[in-house]
Every structure is written in structure tokens, then in C-alpha cells.
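Residue numbers (this note's numbering), protein chains in the order written: chain A, 906 to 1072; chain B, 906 to 1072; chain C, 906 to 1072; chain D, 906 to 1072.
Since the hints were made in silico from the structure, they are not lab data.
Just to be clear, a hint being listed does not mean it is correct.
Same chains, same names: a pair is fine if it fits in one copy or spans any two.
[Stated by the list, open to error] Below, simulated DSS-like cross-link-like pairs (lysine-lysine); rule was C-alpha separation at most 30 Å, straight line: (1) Lys1024 to Lys1034; (2) Lys938 to Lys959; (3) Lys959 to Lys1025; (4) Lys938 to Lys1025.
Number of protein chains: 4
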Amino acid sequence: MLTIIGVMGPGEGASETDRRLAYELGRAIAREKWVTLCGGRNSGVMEAVTRGAKEAGGLTIGILPGQDTRDASPYLDLAIVTGIGNARNSINILSSHVVVACGMGKGTASEVALALKAKKPVILLDAPKTAIEFFRELDARRVSIAAGVEEAMELCRDLTRPSEPGA
Amino acid sequence: MLTIIGVMGPGEGASETDRRLAYELGRAIAREKWVTLCGGRNSGVMEAVTRGAKEAGGLTIGILPGQDTRDASPYLDLAIVTGIGNARNSINILSSHVVVACGMGKGTASEVALALKAKKPVILLDAPKTAIEFFRELDARRVSIAAGVEEAMELCRDLTRPSEPGA
Amino acid sequence: MLTIIGVMGPGEGASETDRRLAYELGRAIAREKWVTLCGGRNSGVMEAVTRGAKEAGGLTIGILPGQDTRDASPYLDLAIVTGIGNARNSINILSSHVVVACGMGKGTASEVALALKAKKPVILLDAPKTAIEFFRELDARRVSIAAGVEEAMELCRDLTRPSEPGA
Amino acid sequence: MLTIIGVMGPGEGASETDRRLAYELGRAIAREKWVTLCGGRNSGVMEAVTRGAKEAGGLTIGILPGQDTRDASPYLDLAIVTGIGNARNSINILSSHVVVACGMGKGTASEVALALKAKKPVILLDAPKTAIEFFRELDARRVSIAAGVEEAMELCRDLTRPSEPGA
Chain A
906 MLTIIGVMGP GEGASETDRR LAYELGRAIA REKWVTLCGG RNSGVMEAVT
956 RGAKEAGGLT IGILPGQDTR DASPYLDLAI VTGIGNARNS INILSSHVVV
1006 ACGMGKGTAS EVALALKAKK PVILLDAPKT AIEFFRELDA RRVSIAAGVE
1056 EAMELCRDLT RPSEPGA
Chain B
906 MLTIIGVMGP GEGASETDRR LAYELGRAIA REKWVTLCGG RNSGVMEAVT
956 RGAKEAGGLT IGILPGQDTR DASPYLDLAI VTGIGNARNS INILSSHVVV
1006 ACGMGKGTAS EVALALKAKK PVILLDAPKT AIEFFRELDA RRVSIAAGVE
1056 EAMELCRDLT RPSEPGA
Chain C
906 MLTIIGVMGP GEGASETDRR LAYELGRAIA REKWVTLCGG RNSGVMEAVT
956 RGAKEAGGLT IGILPGQDTR DASPYLDLAI VTGIGNARNS INILSSHVVV
1006 ACGMGKGTAS EVALALKAKK PVILLDAPKT AIEFFRELDA RRVSIAAGVE
1056 EAMELCRDLT RPSEPGA
Chain D
906 MLTIIGVMGP GEGASETDRR LAYELGRAIA REKWVTLCGG RNSGVMEAVT
956 RGAKEAGGLT IGILPGQDTR DASPYLDLAI VTGIGNARNS INILSSHVVV
1006 ACGMGKGTAS EVALALKAKK PVILLDAPKT AIEFFRELDA RRVSIAAGVE
1056 EAMELCRDLT RPSEPGA
């Protein structure tokens, strides 16, 4: 099975920084030969991360909330059309080996919380201080803070490394 | 249609205070002739709020994550068996006229975030300071803080009152 | 917990007979003090069965596919707003003690099939011959055929009766 | 976006013929450079079709009902972990450009019905006579019958061909 990195982040509400980091994340994920998964829409972090991944030759999957692909990112290889609205946020995180939150918004917050509930490792990138404090209090062990894309990728490498025998 | 107050809160991780407040909330919701909706399990805030509501003669609905009623609160009148796991958190909040978060945990955090995303009013009761700061930053307009059950009920009354013509 | 009878059937595609039988079913379910559950929309069997149940003083629940109550039957007491589209068909049948299919359509067929998969008893009323033959071949033991509302209610009474000790 | 062919069919209840046809279907889908999507479990048609597709160098996606990959087919490239049980059947068909039902069972029947509801083309392969008659009556226009894998593939080619201008 291929390793899937889920990148969550705001759509319409994404900042310029969120988009730039998401684009770089997508490129970096593709260079590791990992699959980029996101909420799939043609907006904000979803569009930026899939654009980055495609440009670097990676495979991209979008887990779309709607009933068709009308609002899909043009950079998706695979559109999973759920038709279940934001209930699909739970699928985003269950399907990811590591969850990277790039920026923060309401949907992103729900994904980080659901990820922690499902015992998935979460990396916060470009998160506001209140988010860092809240989520670290919820689950200090599973929440990592990355200062930039390189540090996020280093954490992903650690988190997806098969455990050594005897470790 | 009946007015539904959704009470979200931790299951196994609920504190004694969370449970006591949830029980009192259930009683108060029932006295207003509102319906109490929750995640439906036989644990923590879910069990306490439905027990309170039942004891005060109210109607209770549980939106269960599993495929059957095995782990349902014994105080449910109506068990909605979703079989969709924590994706049902989205249904909890979409079905509630007002969302009251009693205590805080990972699932509760996802519900508050999804409620704000769906533009539902949220009342935080017994929430830690980090949660208050985070969620108010996400959406100051829709997040209210209640100091106790009475204040939460006062907010619910305001939020469910039909808008006056010309208002 | 209250006993829930799920009545499934076509929306816009319902025949006059489907609607009339659904209305009578709703009345009969209410007279037994059971709860009427359906897909909740303001159309076809969903509207007719909830109208019948309300007129006879029963409690009605609709499991709505959309994100709000805009297309809800006006005869619902409780609107469960799922936002998950037709994936909610699975919730309809998991939440019902007995599933009655009144008429037949694409959505109804999916509900009968999911009900049998979940080992729920199904009563077919006003079903075409091809549906009867197909579903009986899928699971002869769990599919009953009712010639009319009275026979459907008799089957519901049998299927919801607590098993006797030693039986 | 890549073209996705969804192959639905029984798990534990699959016949030897169902499995053999599913395996051949998987091989044929891979040779066309299409993606094979299925319910993802390590059983029946799901396992056979992914095995065939992998052996022929194709890409495989499984839309798993559970909360993890424990019962996933070993021939999946991409495991979409939904955690929503059989409600995921709706995602299977919404994500597929063409739905091929290989054999028939309760879950498969729900998928064919949901596919027709969502206006997706459905190809029935190795379906019993009662299923053919029932589904053709539900929607004669969208249901095709294939006598074998070759005919199923010919139908898939027709159904995925971009419409010609002026056609």
C-alpha cells in the first residue's frame, strides 16, 4: 500500500502563506514518492497542495464533499466523490498515515480533532498560537509543531518509518 | 417541528463536573419542552444528559456511532443508529438548533468546529481556557460562554426565539 | 426505547396507490404507539406516511439527506439533518426495528438491500413482481410480502413482539 | 483526472465464477490504464478484482467500510478508510465513472440501486435473471448486460468515451 500524507487546511479562507506552504508541501510530498490526500476542492490549501504535488510528479487524491466533481481541484488524479458533506472530514484523516494541518479554519480544526480521536499523528504548520495551545492540551503526545515545510517533512519521515525490531 | 438542543461532551473522559452539569442541563432542557440530542452512548456526558432529561420527563435522541444499540445510553427514547462512526458528529450538530458543549475532548472539539462551519450557535460550558480562546478566535460571533446551566439555558432561549418582524 | 417502524418508498416517483397506502400505514403505526421513521422529504411516500402518522397523533422522525430542513416534510416532529445524501439510506434502515417498503424505486431498492445486509426484517407492500422475486431470492427468510396495510401491521406486530422465554 | 471503473460484487458470498470473472476484469481494466475501485476488503470479488488489476500493473483503490486497514485486500495501492460501514456503498458508486456489478448479493444490490439513483451507468455481469429483470425495470436505459468480461470492457469503452462535438 502506498503511504498517504493528508494535508488539511482552509479553502476560501486560506491566507497567502497557507497557500504557499501548501504548494511547497505538495512538492515535497511528491518528491518522497508519497501520495497527497486532501479535501479535494478547487480552493485554498486543497488546490495549492495538489498543484504542488502534480507539478513534482506526485499522485493526488481528493476526498470531495459534494455529489460530483464540479468543484474539484484541477490537480486531482483521483476524485473520491463522497456526497457526505463535511462528514467526509473523518474519512480524510482515517485514510492518512500522517495528518498535516497547514493553516487553520473551522473545517481544519474538526479534522485535527478527529485525527487525534482516531490516534493519528498530527503536524501543525502555520497554526495560530491559540490552536497550538488548544490541541497540545488535547493530546500533547500526538501533536507536533513544524516551523516550516522542511521540518514538517522531517516529522513525516519519522512518523512513517517502520519501527525497528527490538525498538 | 420540535426544538432540538444538542449537548456534546466527552464520553469516558468526562469529569465529575462535566457529568453533573450535563445531568442538570438535561433536566433544564426537558423542563423547556425541548428535545435533548446527543451522541447517544452509555458514558460520560451522553449518559448524564439523557438521564437528566428522562428524569424530568423530556424526550431524548441519541445519534449512535455504531451499527446497533449495544452501547446506547439506557435513557434514550430514540436511538438513531448511524453505523458511520465519528462521521456522525456532523449529524449531531446539523440536527441541533443550538449546540451546547459541556466539557471538552477530542470528539467534542470536532463537533464545536463542525458546528461553527455549519453556522450553528455554540455555547461552551465548563470549557478549558485554551478551548475558549481557540474557538472564539475561530468565530467570535457564534461562540458564547456560559458560566453555568442557568446561563446556558438563558442563551438557548435567546437563540431559539423566533425573530420578531422588523427585528 | 421506543419502537421505530421505518417506512421507505419513492419520493417524486411515488404512485397514487403508494401515497394512499403510506398515509394509511402512518395512521396505523401511530395507533400502535410506534414511531414512524422515513427519509423525511416533502414528497411521495415520505410526506404521505408522516402526514398519516401526525394526523393519528403519532411521533414522526425524518432522516434528511440534505444539510438543512428546507425540503423536509411539514409533518415531521424530529428532523435529523444528516448532510450525507443518499448514504443516509443506511441510517434509515439501521435505526428501524422493522422496514416497510411501500412501493419501489431506486432509493427504496437500496434501502431494502441494505436492510437485508444488516439482517433487518423487511415487509414489501405494493411492490412490483420483479422486486418481490429479486429480494426473495436475496433473502427469503427476512422478506415478507403484505397484501395490504392491515397485513403489514400484523407482520410488524409479530416482528416487534419480544421473544418469549424458552421460545 | 484518471478514469475509475468501480467493480462491485459479493465478499464472502462470491461464487467461484464471480471471483474468476472479477480477476479477469481487474486485468482488463488495468490494461486499459484505468483505475480499479472496489469496496476494498480481502474477500470475494473485492480481493479478486484487485489481484487481477495489480498483476496487470494497474492502480487499485479500496473504499473500506471499517476504521482501519485490517481487513483490506493485500492488492490495494490506496486504502480509503471511511469508517462509515455500508454507507460507504454510496461513495463507491459516486466515485466510479462506470459501475460493473460482478455477481450479486445484498451489498451489490444496494450499490446497483444507488448507482441508478445517481444516474451512473451500470453493467451487470454474471447476474441472476431476477436481478436483471428487476434492475432493467428500475432503469432500462442505464443498465447493460454483459455476457462476459470482453463485452463488459467494450461497454466500458463506449461509456467512458468523450462525446464527440455535435454528437
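A quick look at each hint next to the structure:
1. Lys1024 to Lys1034: Classified as both; 22 Å inside a copy, 24 Å across copies.
2. Lys938 to Lys959: Classified as both; 12 Å inside a copy, 18 Å across copies.
3. Lys959 to Lys1025: Answer is both: 25 Å inside a copy and 28 Å across each meet the 30 Å cutoff.
4. Lys938 to Lys1025: Classified as within; 21 Å inside a copy, 33 Å across copies.
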